[in-house]
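S.K.: In order, the protein sequence lines correspond to chains A and B. The opening residue of the first sequence carries number 1 in my numbering; numbering runs sequentially from there. The opening residue of the second sequence carries number 1 in my numbering; numbering runs sequentially from there.
Everything labelled a hint here was simulated from the structure, so no lab data went into it. Where is the CB? At the ideal position from N, CA and C, for every residue including glycine. The reader is advised that the hints may include incorrect statements.
Said to hold, decoys possible - Reference excerpt, derived from the structure (chain A facing chain B, CB under 8 Å, subset only):
| no. | residue |
| --- | --- |
| 1 | Ser32 |
| 2 | Leu59 |
| 3 | Glu63 |
| 4 | Ala64 |
| 5 | Gly151 |
| 6 | Leu154 |
| 7 | Pro252 |
To be verified - Below, simulated SDA-like cross-link-like pairs (lysine to any residue); rule was C-alpha separation at most 25 Å, straight line:
| no. | chain 1 | residue 1 | chain 2 | residue 2 |
| --- | --- | --- | --- | --- |
| 8 | A | Lys138 | B | Gln60 |
| 9 | A | Lys190 | B | Lys22 |
| 10 | B | Lys22 | A | Ala204 |
| 11 | B | Lys128 | B | Lys178 |
| 12 | A | Lys190 | A | Thr7 |
| 13 | A | Lys138 | B | Arg50 |
| 14 | A | Lys153 | A | Pro197 |
| 15 | B | Lys178 | A | Ser33 |
| 16 | B | Lys22 | A | Glu202 |
| 17 | A | Lys190 | B | Gly173 |
| 18 | A | Lys138 | B | Gly173 |
| 19 | A | Lys138 | A | Pro231 |
| 20 | B | Lys178 | A | Thr2 |
| 21 | A | Lys190 | A | Pro231 |
| 22 | B | Lys178 | B | Ala199 |
| 23 | B | Lys22 | B | Ala74 |
| 24 | B | Lys22 | A | Gly199 |
| 25 | B | Lys22 | B | Gln60 |
| 26 | B | Lys178 | A | Arg157 |
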Amino acid sequence: MTCAILTPERIDHLLRGTVRAADGRVLLDHLSSPCESCLDLLSGPAGDAIVARLGGDGLTAPEADRIFSAAAPAVVPTRARRPRIQRWVASIALAAAGVAIVVSFLPKWHGFDREDTRLKGTPAHPAPEARLIMLAGKPLAPESVRLLQRGEKLGPREVLLVRIRISAPAFVYLVGIGESGPGLVLWPDKAEREPRPAGEFELARAGDALSIDPRALGRAPQIALIASPRPLEPAVLSRLPRGREQVAAALPDCGVDVFDVELQSP
Amino acid sequence: MTAVLHVAAVPFDDAAEVQAAKAGDRAAFRALFERHQRAVFGYCMVAARRDRDRALDLVQETFSRAFRALHMLAEPERFRQWLFTIAANICRTGAAQEERHDRVLQALQFEQIADDERPTLLEAAERKERIATVRRILAHVADERLREIVQLKYGDPEHTTRQIAEKLSVPHGTVTVKLMRFRAAIRRELCRALASEGAAS
């Protein structure tokens, strides 16, 4: 059910502060009375994105770096960083996965540099290494989040949350690939102007983990991560073949990881 | 089709990063900053009436204060709520705000923290203000059951969803679904407050 007054276009104008006075009056009048259709709209993705859209394109990478540097150094004691593995444990705990899950994942961590996970690239300019770490969880239930091992099935009501690790600064893209049809660019929503710094991060919007329901991709969905030293056109991404080796061959200067999502029957 | 894929968001649990940051881990500070900077920036942009430079100052001040006072945060899992309280205090006391604009900020702050299931420890004035915000939102909600549930959730005393389910003899799922609907109502109130500003401009 859609509301004829509170439309996505008008919400966009409200969030950008570009609503015309006449439109503002119409909206004000409508929003001062109950309307279930408005709530339908705002319960969905349009509502989830509201806060993120208030800030337009958000901070640029240099702005974020400058603000973080100004806010953090005065309070961070000089102390050696924790070992890498401990930081990883903290990251998983962050996603509310249990300690048992982390322990079961440790061998995978140590295997990151094994030959079977290395990415293709020229020796002179090796592609950044890229790794997808998938979590599964039920919407609005952070306690349900668990690490999703490759080959493990995604439950009927679960969605995917994505954590990414890249070894060098890169433009990061996440593409959903179904059994047929073009690839769907899941991330970013808008072209990013700066490469992401090396390290680990989760895909998030306005402080919430971005969740993906791979069922919308059709049968045998795959999620491909591409870490590119240069910006890539959406048209290139939507034409990606299936399979890690095939994607890596199509983008030889990029780091690639592909996750085959196994869906549990409802 | 992208919209189909982005289903309801799953809130992060910040507790582990907060504990690590308290121990001096710079990467944990950075993780907290990266996770929340976009929402804080959106809030500050509204508070600063789209003045980007001013908004950047407000974001910096918010994170500076939060990081300086992190050791005082007793409930690490509530970092996000606490951060937005700091942002609200900075943005709303920075300048005398019009009442209309103040309501935009109240609705926006509430939208950010409405997911919290646990009862909050609010000062009397804060509680009074939040009850007023809830009343204002409920004035535009027709669903009686939703009104009843929300009044128990955010009233004085606050109730957990399980307590509400027990008290009203309804399934727990009904309570959580109604509260998700209330979150949409908060967003609607935010739109109303923004429309009020737009109509006046």
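S.K.: For every hint, state whether the structure bears it out.
M.R.: Now the hints, each set against the structure:
1. Because the beta carbon of serine 32 of chain A sits about 6 Å from the nearest beta carbon in chain B, less than 8 Å, this interface hint is met.
2. Interface hint at leucine 59 of chain A: satisfied, since its Cβ lies 6 Å from the closest Cβ of chain B, which is below the 8 Å cut-off.
3. With a least beta-carbon distance of about 6 Å to chain B, the hint placing glutamate 63 of chain A at the interface is held under the 8 Å criterion.
4. The criterion of a C-beta within 8 Å of any C-beta in chain B is met by alanine 64 of chain A, whose closest approach is roughly 6 Å, and the hint holds.
5. Taking 8 Å as the C-beta contact cut-off toward chain B, the hint placing glycine 151 of chain A at the interface is violated, the least distance being around 22 Å.
6. Given the 8 Å rule on beta carbons, the hint for leucine 154 of chain A is violated: about 13 Å separates it from the nearest Cβ of chain B.
7. Checking proline 252 of chain A against chain B: minimum C-beta separation of about 27 Å lies over 8 Å; hint violated.
8. For a cut-off of 25 Å, the pair hint linking lysine 138 of chain A to glutamine 60 of chain B is broken: about 33 Å separates their Cα positions.
9. Restraint check for lysine 190 of chain A and lysine 22 of chain B: not satisfied, since their Cα atoms lie roughly 34 Å apart, outside the 25 Å limit.
10. Note on lysine 22 of chain B and alanine 204 of chain A: the hinted pairing holds, with a Cα-Cα distance of about 23 Å set against a maximum of 25 Å.
11. Distance hint between lysine 128 of chain B and lysine 178 of chain B is fulfilled; the C-alpha atoms sit about 23 Å from each other, no more than 25 Å.
12. With a CA separation close to 21 Å, the supplied pair lysine 190 of chain A and threonine 7 of chain A stays within the 25 Å bound.
13. At most 25 Å may separate the alpha-carbon atoms for a hinted pair to count; lysine 138 of chain A and arginine 50 of chain B exceed this at roughly 35 Å.
14. Distance check on the hinted pair: lysine 153 of chain A and proline 197 of chain A sit about 31 Å apart at the alpha-carbon level, beyond 25 Å; violated.
15. Restraint check for lysine 178 of chain B and serine 33 of chain A: the C-alpha separation of about 19 Å stays at or below 25 Å, so the hint holds.
16. For the hint linking lysine 22 of chain B to glutamate 202 of chain A, the alpha-carbon distance of about 21 Å falls within 25 Å, and the restraint holds.
17. Between the alpha carbons of lysine 190 of chain A and glycine 173 of chain B the distance comes to roughly 36 Å, so the proposed pair goes past 25 Å and is violated.
18. Using a Cα cut-off of 25 Å, the hinted pair lysine 138 of chain A and glycine 173 of chain B holds, with the two alpha carbons roughly 14 Å apart.
19. A threshold of 25 Å between alpha carbons decides the hint, and for lysine 138 of chain A with proline 231 of chain A the separation of about 33 Å lies outside it, so the pair is violated.
20. Restraint check: the Cα-Cα separation between lysine 178 of chain B and threonine 2 of chain A comes to about 19 Å, which is no more than 25 Å; the hinted pair holds.
21. Distance restraint check for lysine 190 of chain A and proline 231 of chain A: the Cα-Cα separation of roughly 12 Å lies within the 25 Å cut-off, and the hinted pair is therefore satisfied.
22. Distance hint between lysine 178 of chain B and alanine 199 of chain B is unfulfilled; the C-alpha atoms sit about 31 Å from each other, more than 25 Å.
23. Between lysine 22 of chain B and alanine 74 of chain B the alpha-carbon distance is near 11 Å, which keeps this suggested pair within the 25 Å criterion.
24. Between the alpha carbons of lysine 22 of chain B and glycine 199 of chain A the distance comes to roughly 21 Å, so the proposed pair stays at or under 25 Å and holds.
25. This hinted pair checks out: lysine 22 of chain B and glutamine 60 of chain B have alpha carbons roughly 19 Å apart, not beyond 25 Å.
26. Distance restraint check for lysine 178 of chain B and arginine 157 of chain A: the Cα-Cα separation of roughly 19 Å lies within the 25 Å cut-off, and the hinted pair is therefore satisfied.
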